[in-house]
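Student: Here are the chains, one letter per residue:
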Amino acid sequence: MSTAETPVAQVEKKQKKKTVQWGDDPKIGFVEALYLPAIAGGIATALKHAFFKKRSTAQYPEQKPEMPPNYRGVHRLNRDEEGRVKCVACYMCQTACPANCIEIIAAPAPQDDPKWANRDKFPATFTIDELRCIYCGMCEEACPVDAIELTSIYDLTGMSRQEMIFDKEKLLSVFDETSKAGLDPVRTNRGALGPASEKSMQSTDSPPPPGRGKHG
Amino acid sequence: MPLELLDSPGLLENQKEGLWTLNFGPQHPATHTTLRLVLQLDGETVIDAEPDIGFLHSGFEKLGESLDFNQYVTIVDRMNYISPLANEIAWHHSVEALMGIELTPRCKYIRTIFAELMRIHDHLLCTGTCVLDLGGATAFMYAFNEREYIYEICERASGQRFHTSYTRVGGLLYDVTDDWIAMVRKFCKNFPKAYADFAGLVMKNRIFIERTRGVGVLSKEDAIAGGATGPVARASGVTRDLRIDEPYLAYNDLDFDICCAKAGDCYSRFQVRMMEMEQSLKIIEQAIENLPSGPIYNEEHGKTGVPDKTEVYRSIEGLIHHFENIMPNRQMNVPVESFYAATESPNGELGYYIVSDGNFRAYRARTRPPSLLHFALFPRMIRNCMLSDVVAVLGSINIIAAELDR
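These protein sequences, in sequence, are chains A and B.
Everything in the first sequence is counted per this note's numbering, starting at 49 for the first residue and increasing by one.
Everything in the second sequence is counted per this note's numbering, starting at 86 for the first residue and increasing by one.
Chain B extracted, bound-state conformation (with noise of 0.2 Å):
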């Protein structure tokens, strides 16, 4: 990796003559969240930046080390606050990796399709708050009625909206309903609609292209050595999505393209996001029409879901498996082991680093947030930019704080 990436060197005293300082965050519209940049401006450009992260520090990794592998899920869900269920997909999936457990063909469509409207979900807001940085208001709106409908997706399957907490280990806390099939088709049939509405306002706009169009380029190489994955990297031109390099959950029977543009740009990001919805529409609609049917929970691997009533009410087996399901001294086998594994979330590569020391809970629980990366990488993308662009660069790289600081 070249040592600029890793160290910024900074600007030399000499250098700084004639150059003034803005403070851009931590509370500003464009940020989002909680971000700061110190900016070394010269009139108008850019000519160093200092991203600064921390202002939205909660110890979510601590507390990992103090819930059991099933608690621990309702602050994964809190961590990328865009698209909680595919942290919960990402968290799980290492759990599930850490332990061999073996999903069910159900569980496994279930998630996936989850998985998808998360990416949909989270590249409309993305899409939506960059154009909406940029001063387009419509095309933010459409994309938030998207959303809403994603909400009562989850809703319907998990009983809540935002924080679904849905994931298990080795399976789900509901089973789904047919009415939430239903829910999932029409929003098949109608998302195109609204997905040219969207597109149609954006895509061909002058003002909008002029404004991204070779802003905040990140080169192929930078990319790869700087760790940038997810649509920042296809934008990039590398042609990496874990989906199918290192295939998970039901993706391997499913037919669909990785995106990617070669410029590197704002607008290849732009671009990015919005080809992978279509992408991801394509592997809902495949797999919502072969959903099997079956259990959530594979049986063979013994204990790993809470028996429904029947067993519990009728049988003592049924009531001590119950129990032991809960009881945090006696649950799943868990090796003593360190182990990583990635899905690819709607921002790139999300990890979790779990060691284990056979206890119910992970000694250590790290996550590799995209995000970081990408914005350790952001000094790059915005230099000799102008100021106005950072806006636009910060809007296309989609940084989730509470990702950052953890």
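With the rest of the complex left out, here is chain A (with noise of 0.2 Å):
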């Protein structure tokens, strides 16, 4: 036991002091000995709980939670100034991605249309598969162009699973979607000229965001 202990003692030369707390052994006194006081302490902090607390229980379906704006929930594809996708093709979420849920198929840009005379690149089809996703937000880290994008749309839902495929169309109507009700997600870390880049910073004064629960 000694040998083990000696490594130890020779490493703490070098750094900083190591005080030690010892919990000490609990002493069953005259009052603790009755159970009453405990019982009675124990309903006064039940009590005080469920009369002069904050309930902590949020009416789900009818009360919803709001989330913060950097929440990484369902995605969607941007639109850019024109309304075409944004998107370039260039397979960056698919690589990032550890869950494999994004399938791509490039396609040069349609030449005779005017309105993509200045792109050369654009998805065909753009998949993901919404029940492989575990929504770690790689795919958006991954985007050169911050075309993909998670939403703070948390309460997914489907009757089939064909339905929780979300192609193109789909993932741009989440966009259309999102944007018209003013949910753009924000993000620290993205720099100023990132869609997504947190806009305003608070001072370090302003009160916190009201929490769900009873720190709320």
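Some clues are possibly wrong.
[To be verified] No more than 25 Å apart at the CA atoms, straight line, and that leaves these computed lysine to aspartate or glutamate pairs for DMTMM-like:
id, chain 1, residue 1, chain 2, residue 2
1, A, Lys-134, A, Glu-217
2, A, Lys-66, B, Glu-363
3, A, Lys-66, B, Asp-127
4, B, Lys-147, A, Asp-177
5, A, Lys-169, B, Glu-396
6, A, Lys-96, B, Glu-233
7, B, Lys-289, A, Glu-80
8, A, Lys-65, B, Glu-363
9, A, Lys-101, B, Glu-331
10, A, Lys-102, B, Asp-264
11, A, Lys-216, A, Asp-128
12, B, Lys-347, B, Glu-295
13, B, Lys-274, B, Glu-363
14, B, Lys-193, B, Asp-263
15, B, Lys-147, A, Glu-178
16, A, Lys-65, B, Asp-330
17, B, Lys-274, A, Glu-211
18, A, Lys-65, B, Asp-342
19, B, Lys-271, A, Glu-114
20, B, Lys-347, A, Asp-72
21, A, Lys-169, B, Asp-133
22, A, Lys-66, B, Asp-307
23, A, Lys-75, B, Asp-340
24, A, Lys-216, A, Glu-178
25, A, Lys-228, A, Glu-211
26, B, Lys-271, B, Asp-340
[Stated by the list, open to error] Some residues of chain B that are not near chain A, with every Cβ distance over 12 Å (derived):
id, residue
27, Trp-105
28, Pro-190
29, Phe-283
30, Pro-464
[Claimed, not checked] If the Cβ cut is set under 7 Å, some of the chain A residues that face chain B in the computed set are:
id, residue
31, Glu-80
32, Ala-86
33, Arg-120
34, Thr-226
These aren't lab readings, by the way, just hints derived from the structure by calculation.
C-beta: ideal position from N, C-alpha, C; glycine also.
Build the complex: two chains, separate frames, hints provided.
Tutor: Set out below in structure tokens:
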């Protein structure tokens, strides 16, 4: 046993002082030995929480929680100013995805259409399997043109598996829906030019955002 | 190491006379996850126990060989699902040690705050369920209230409550915002009150003390020989804490104590966890007030982080840098080496052993989980205890089945 502790003692000298706090034995005095004071104390704590503290339970379907703007929920595929899909089909998100849920097929941009004149490549299909996705945000991090983003929609449901495989139109419709509702995602670290970058930094003295539990 | 610790000889046929066998688990509310114990009982006294693992095998380590150093963080998240961020910090601590990356002070402090929040988070669940298994549901609910707010703190920083995937090689997914700092300050302000309520219900409760005092004793010698770490070892009197013995992140700048107890029983383990929560709060308070400003990726080490969009949109170098970070064949410079580095996770020493062949993904990413060694010591702890004490001991060592099987 002493050999096991020697290396620790040697390393210790170089580092800061090691202070140990020892837990003491619980003492059951006369008051603790009678069960009644403990029962009364327990009931008092429970009553305090029942009557004088805010309820933590959220009445979920009626009361929707407010998600923070950087929440990583359902994906959307952004449109550029001209309404075209912003994605340039570079396959970066597909490469970065740890769950292999993104599938892109690229195609040359339609040359005869003047709308696509300044673009070379576009995604002919863009599919995300929302059931495979683990919402880690790596696709968004990998995207060089900010085309794919995760929105704060968290309650995604469907009646069939096929319904949960989102194609390009569906992902664009999520963009239309969220941008109309003003639910554009906000991120830090994306630089001033990133559309989802944190626009205004609040001052440190600002009150914390309302929590959902008793802390709120 | 004593031989009987390595391999339990089991009972001989003639010793089994008069005993009866009980299968405890795999689906039992007190096992929390899927653990199986084969108990040999004499009446109600446990004579022998055989822990059985493998009910939650998910191939995590194998996935570590096919995902790159950043992608694998989404998997280690799911390993100890009581404190996901602590796993991420441990994984990237090993990766950064392998690559020789030094973090920026801001990144170190943010990770330290998260590591300590996760310690509180883990200990709240462990102590809460320990009391719940012994019949006290109230304290458990108050513990979960606090856990809820820690989830919200995680959500504000990373965008997800639970599987945050927040750390990256040499940095973090996003920088934290000022309202995150305000949330952590608010947590520091409110936590002592909730902690006092929780401790008041349990620590001096005679029923709880009598159920846990002297039950499931693990001696100091057994703890050292069996490789116990973390609160389980410290409750047996081993004064080892990697945060002080092998400092990493910002722990060298912060002032805190190691919490130990001498008895090595269930109550001591409970007590050490309660004391550690106080110390963690002390660390968070110091770290949040001294949070340095500056970048979260260290520029000295070149291209570890994805550059911001200003660079990507305006310069070709920025765009190349961005692509190189994601493309599988030209990421970081990984030395051909095998490396082990560990952190003090809430449950004990959580280490990753990485064998690298210079590729962008690990050749082998082995986990050294604390729970596995604690579960191996479990039969020693419960020998000659009553059947109802099995639940108390199981609650006090906090076994996570996903960590056992990997």
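Student: Now tell me, hint by hint, if it's right for this structure.
Tutor: Against the structure, the hints:
no.	hint	verdict
1	A/Lys-134 with A/Glu-217	holds (13 Å)
2	A/Lys-66 with B/Glu-363	holds (17 Å)
3	A/Lys-66 with B/Asp-127	violated (45 Å)
4	B/Lys-147 with A/Asp-177	holds (23 Å)
5	A/Lys-169 with B/Glu-396	holds (22 Å)
6	A/Lys-96 with B/Glu-233	holds (20 Å)
7	B/Lys-289 with A/Glu-80	holds (7 Å)
8	A/Lys-65 with B/Glu-363	holds (19 Å)
9	A/Lys-101 with B/Glu-331	violated (43 Å)
10	A/Lys-102 with B/Asp-264	holds (22 Å)
11	A/Lys-216 with A/Asp-128	holds (14 Å)
12	B/Lys-347 with B/Glu-295	holds (17 Å)
13	B/Lys-274 with B/Glu-363	holds (12 Å)
14	B/Lys-193 with B/Asp-263	holds (17 Å)
15	B/Lys-147 with A/Glu-178	holds (24 Å)
16	A/Lys-65 with B/Asp-330	holds (10 Å)
17	B/Lys-274 with A/Glu-211	violated (46 Å)
18	A/Lys-65 with B/Asp-342	holds (10 Å)
19	B/Lys-271 with A/Glu-114	holds (19 Å)
20	B/Lys-347 with A/Asp-72	holds (9 Å)
21	A/Lys-169 with B/Asp-133	violated (68 Å)
22	A/Lys-66 with B/Asp-307	holds (23 Å)
23	A/Lys-75 with B/Asp-340	violated (29 Å)
24	A/Lys-216 with A/Glu-178	holds (13 Å)
25	A/Lys-228 with A/Glu-211	holds (23 Å)
26	B/Lys-271 with B/Asp-340	holds (21 Å)
27	Trp-105	holds (34 Å)
28	Pro-190	holds (17 Å)
29	Phe-283	violated (9 Å)
30	Pro-464	holds (22 Å)
31	Glu-80	holds (5 Å)
32	Ala-86	holds (6 Å)
33	Arg-120	holds (4 Å)
34	Thr-226	violated (15 Å)
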